[in-house]
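Peer 1: I would like the entire structure built from these sequences, with the hints used as guidance.
So the chains spell out like this:
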Amino acid sequence: MGTKLPLFPVQASTIAPEVDHLLYFLLAVAVFFTLLIFFSIFYFAVRYRRRSEQELPHVIHGSMTLEILWSVIPFGLTMVMFTWGASIYFTQNVPPHDALTVYAVGKQWMWKLQHMEGQREINELHIPVGRAVKLIMTSEDVIHSFFVPAFRTKQDVLPGKYSMTWFQPTKPGKYHLFCAEYCGTKHSGMIGWVYVMEPQDYQTWLSGGATTGSLAENGQKLFQELACANCHKDDGTGRCPKLVGLFGTSVPLTGGGSVKADEAYIRESILNPSAKVVSGYQPVMPTFQGLVTEENVLQLIEYVKSIGPKPANAAAPAASTGSSTPKNR
Amino acid sequence: MITAAAQEREHYLNTSYGIKSWLLTKDHKRIGLLYLATITLFFFLGGAFATLIRIELLTPQGDLVSSDTYNKLFTMHGVIMVFFFLIPSVPATLGNFFMPMMIGARDLAFPKINLLSWYLLVVGGLFTLFAMFAGGVDTGWTFYTPYSTTYSNTWVIATALGIFISGFSSILTGLNFIVTVHRMRAPGMTWFRLPLFVWANYATSLIQVLGTPVLAVTIVLLFCERVFHMGIFDPARGGDPVLFQHLFWFYSHPAVYIMVLPAMGVISELVSVFSRKPVFGYGFVAFSSVAIAVLGFLVWGHHLFVSTQSVYAGMVFSFLSYFVAIPSAIKVFNWTATLYKGSISFATPMLYAFGFVGLFTIGGLTGLFVACLGIDVHVTDTYFVVAHFHYIMVGGTIMAYLGGLHYWWPKMTGRMYPEAWAKLSALVIFLGFNLTFFPQFILGYLGMPRRYHVYPEEFQVLHVLSTAGASVLAVGYVIPMVYFIWSLRYGQVAGANPWGATGLEWKTASPPPLHNFDETPVVTHDAYDYSTVMEEGIEVG
Numbered sequence: 009m010g011t012k013l014p015l016f017p018v019q020a021s022t023i024a025p026e027v028d029h030l031l032y033f034l035l036a037v038a039v040f041f042t043l044l045i046f047f048s049i050f051y052f053a054v055r056y057r058r059r060s061e062q063e064l065p066h067v068i069h070g071s072m073t074l075e076i077l078w079s080v081i082p083f084g085l086t087m088v089m090f091t092w093g094a095s096i097y098f099t100q101n102v103p104p105h106d107a108l109t110v111y112a113v114g115k116q117w118m119w120k121l122q123h124m125e126g127q128r129e130i131n132e133l134h135i136p137v138g139r140a141v142k143l144i145m146t147s148e149d150v151i152h153s154f155f156v157p158a159f160r161t162k163q164d165v166l167p168g169k170y171s172m173t174w175f176q177p178t179k180p181g182k183y184h185l186f187c188a189e190y191c192g193t194k195h196s197g198m199i200g201w202v203y204v205m206e207p208q209d210y211q212t213w214l215s216g217g218a219t220t221g222s223l224a225e226n227g228q229k230l231f232q233e234l235a236c237a238n239c240h241k242d243d244g245t246g247r248c249p250k251l252v253g254l255f256g257t258s259v260p261l262t263g264g265g266s267v268k269a270d271e272a273y274i275r276e277s278i279l280n281p282s283a284k285v286v287s288g289y290q291p292v293m294p295t296f297q298g299l300v301t302e303e304n305v306l307q308l309i310e311y312v313k314s315i316g317p318k319p320a321n322a323a324a325p326a327a328s329t330g331s332s333t334p335k336n337r
Numbered sequence: 191m192i193t194a195a196a197q198e199r200e201h202y203l204n205t206s207y208g209i210k211s212w213l214l215t216k217d218h219k220r221i222g223l224l225y226l227a228t229i230t231l232f233f234f235l236g237g238a239f240a241t242l243i244r245i246e247l248l249t250p251q252g253d254l255v256s257s258d259t260y261n262k263l264f265t266m267h268g269v270i271m272v273f274f275f276l277i278p279s280v281p282a283t284l285g286n287f288f289m290p291m292m293i294g295a296r297d298l299a300f301p302k303i304n305l306l307s308w309y310l311l312v313v314g315g316l317f318t319l320f321a322m323f324a325g326g327v328d329t330g331w332t333f334y335t336p337y338s339t340t341y342s343n344t345w346v347i348a349t350a351l352g353i354f355i356s357g358f359s360s361i362l363t364g365l366n367f368i369v370t371v372h373r374m375r376a377p378g379m380t381w382f383r384l385p386l387f388v389w390a391n392y393a394t395s396l397i398q399v400l401g402t403p404v405l406a407v408t409i410v411l412l413f414c415e416r417v418f419h420m421g422i423f424d425p426a427r428g429g430d431p432v433l434f435q436h437l438f439w440f441y442s443h444p445a446v447y448i449m450v451l452p453a454m455g456v457i458s459e460l461v462s463v464f465s466r467k468p469v470f471g472y473g474f475v476a477f478s479s480v481a482i483a484v485l486g487f488l489v490w491g492h493h494l495f496v497s498t499q500s501v502y503a504g505m506v507f508s509f510l511s512y513f514v515a516i517p518s519a520i521k522v523f524n525w526t527a528t529l530y531k532g533s534i535s536f537a538t539p540m541l542y543a544f545g546f547v548g549l550f551t552i553g554g555l556t557g558l559f560v561a562c563l564g565i566d567v568h569v570t571d572t573y574f575v576v577a578h579f580h581y582i583m584v585g586g587t588i589m590a591y592l593g594g595l596h597y598w599w600p601k602m603t604g605r606m607y608p609e610a611w612a613k614l615s616a617l618v619i620f621l622g623f624n625l626t627f628f629p630q631f632i633l634g635y636l637g638m639p640r641r642y643h644v645y646p647e648e649f650q651v652l653h654v655l656s657t658a659g660a661s662v663l664a665v666g667y668v669i670p671m672v673y674f675i676w677s678l679r680y681g682q683v684a685g686a687n688p689w690g691a692t693g694l695e696w697k698t699a700s701p702p703p704l705h706n707f708d709e710t711p712v713v714t715h716d717a718y719d720y721s722t723v724m725e726e727g728i729e730v731g
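Protein chains in written order, with the numbering used here: chain D, 9 to 337; chain U, 191 to 731.
The hints are simulated quantities; they were obtained by calculation from the structure and are not laboratory data.
As a list, the in silico EDC-like pairs of lysine to aspartate or glutamate whose alpha-carbon atoms are at most 16 Å apart:
hint	chain 1	residue 1	chain 2	residue 2
1	D	K120	D	E303
2	D	K194	U	D253
3	U	K531	D	E63
Peer 2: Structure representation (structure tokens):
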């Protein structure tokens with residue numbers, strides 16, 4: 009039997025102390041009101057205990073002053089909680105621009121992670137300390153949730169959709185990674201470790217181990233293998249739109265309207281090409297559903313990003329965040 | 191008033207005998223007892239599942255049952271407890287029995303529909319039981335898609351159909367209550383003379399009637415996708431899994447208030463009777479029930495803070511969630527203030543009321559944590575949430591349900607329960623409950639995810655504490671079961687009004703005659719006017 013009795017989780021990200029400070033405030037409020045109610049009940053119950061069966065206490069109907077007091081004071085306190093909580097939530101949802109991107113794919117019952125440089129991991133994630141890391145995640149089957157308690161971050165991972173979470177580790181170490189959304193038989197086995205390393209150790213780790221090229225290079229290889237280049241020609245003469253300089257730009261669509269060429273759009277265009285057809289082109293592309301895995305799709309996206317506008321020119325903030333080309337690091 | 195002759199007096203229990211007189215009864219009191227028996231069975235079944243879960247979690251390894259079995263256990267625990275115990279608990283038993291009596295009516299507005307409601311619950315329950323014995327279901331009581339529609343190989347449809355059918359029981363009960371409160375009040379029983387239990391049940395009925403159909407629709411959509419492969423929720427078929435979560439919580443969040451509002455109504459009665467004072471701020475307590483019912487429909491998105499719902503939607507739902515906290519706080523403060531300068535009795539129902547206020551306070555205050563965006567990202571889907579909602583549903587609803595059951599037991603059966611045993615079990619339940627669920631707050635903040643069959647070793651000590659608490663709690667629940675049955679035969683005979691209470695249900699004999707009142711009561715006073723009772727003199731049962 010385990011004899012360790014931890015009562016509070018380690019703080020290992022920039023956001024963790026912020027979340028904990030908010031928790032302390034909430035705890036203080038909760039403890040205050042719990043004690044207030046407990047002691048009032050206890051005191052009244054003893055002080056005004058029934059001394060004779062014939063007792064008839066004086067009638068008190070209520071007090072408007074008290075009702076206003078105990079509505080307005082709690083309301084004020086909850087608004088502090090709301091505002092404080094919302095501001096942290098906002099931070100949790102907006103990654104810094106220089107964040108390192110890692111792709112994650114959840115499937116029953118494992119986490120598959122791919123680094124930009126090509127390293128692939130299962131149920132393990134190696135990241136450097138002090139550097140913001142952004143995860144772009146999807147699922148091959150059901151809903152999962154990427155949860156690292158030491159970072160105080162959690163984000164559901166959905167099939168057919170990309171979700172994002174980010175964290176900036178502050179302390180080297182080994183931290184639990186849990187799947188937090190129930191996903192079937194081995195839900196509780198869908199766990200792993202996040203290794204936060206000193207930058208030089210991380211560099212060593214990156215250069216060690218055999219990789220088969222960076223994510224973008226693998227994407228380019230796939231792009232050739234799947235014969236995408238036959239139609240998507242670099243000079244724009246093909247039957248399909250050219251992809252050079254595409255990522256992050258706004259694409260006009262057949263039937264009016266436009267869409268931003270972000271990860272979700274590229275993914276959709278590979279798996280369900282007729283959903284959004286570029287203005288001036290015919291819906292001739294077949295679906296690649298079933299031919300490519302979610303990881304392949306991520307490699308293709310990374311390839312499209314690598315031939316996109318250079319980061320300096322990519323003004324669109326959210327999609328291009330951290331999507332710098334591999335050569336930049 | 192009560193003499194030896196009372197033994198032969200005709201009342202609702204001895205007017206007719208035989209199984210048919212029960213299964214075809216249109217008497218709201220007998221139907222209340224049918225519900226009582228039914229949900230007690232479900233409670234102990236759900237409790238058996240909980241017991242197995244807690245025993246499994248004694249060790250970090252999965253050694254008692256397989257992962258699949260474990261997943262079925264927590265699913266069936268949740269389904270049984272939520273849909274077949276907590277939702278019908280207070281309204282269908284105590285509400286059914288006493289709401290008509292409290293407004294001076296002979297029965298509910300639609301006695302046959304009332305019986306139909308019970309049959310629907312039973313049929314729905316049988317479907318669900320069939321699913322369990324045929325192999326069980328493993329989706330969690332939340333049935334999240336696409337797991338439930340595409341990936342689970344268990345009895346999803348049979349279970350969902352059971353819930354679908356029992357939903358109509360809930361809708362019809364709500365409808366019956368609403369019409370009854372509007373149309374069947376005795377002369378002089380104005381809205382602001384209604385006991386707060388009636389207000390609470392009225393507000394609950396609004397949720398049942400407005401919310402439950404959405405659950406029914408959601409189940410039909412689930413059925414369409416699972417059976418006919420229509421793309422609604424599964425992205426592989428062009429659906430949206432988060433849509434399911436919106437629909438599910440649009441009902442299931444208000445459902446929490448279906449469980450707790452009637453419980454709050456019970457507490458208002460108990461706190462008043464056992465401090466012999468009108469409830470402090472009657473109007474505020476009454477309207478806070480309605481406020482909770484209405485606001486409860488606007489907060490479902492707080493279950494979706496990490497679901498990929500938009501950041502701004504998350505902010506709106508967090509903001510609105512804090513509004514629900516206020517009427518709940520108002521109730522707690524008013525109950526506490528009712529005690530001030532009262533004449534406080536420590537009879538068992540009051541001990542349960544104290545227990546309720548204490549545990550509901552903790553459950554409610556931790557609700558502020560999970561409504562808080564920054565905190566919820568960390569604690570959602572962990573044991574923190576498990577602890578929070580058990581404090582509300584078990585610490586709140588079940589404490590009030592048991593308190594109400596003790597309070598009205600003499601009226602229902604004509605017999606008193608044994609006071610000493612009752613006090614002991616109330617204490618055991620309170621202690622057992624806290625030992626079971628308090629450690630789970632700590633576990634949750636540490637990061638222990640819910641629905642985990644196997645868990646890291648460092649969480650074991652807290653799990654062992656929780657399991658120890660659960661065994662104490664189990665003992666606490668079995669004791670009343672035993673002495674209630676015992677009291678039917680051996681309990682002290684109860685008078686018409688053993689507590690010196692003011693409600694109309696206490697102005698008729700115990701047990702009540704078939705039509706509740708020998709003559710229609712005329713109400714001339716506000717609720718909780720104890721001077722009227724004192725004039726009549728109190729006979730202590």
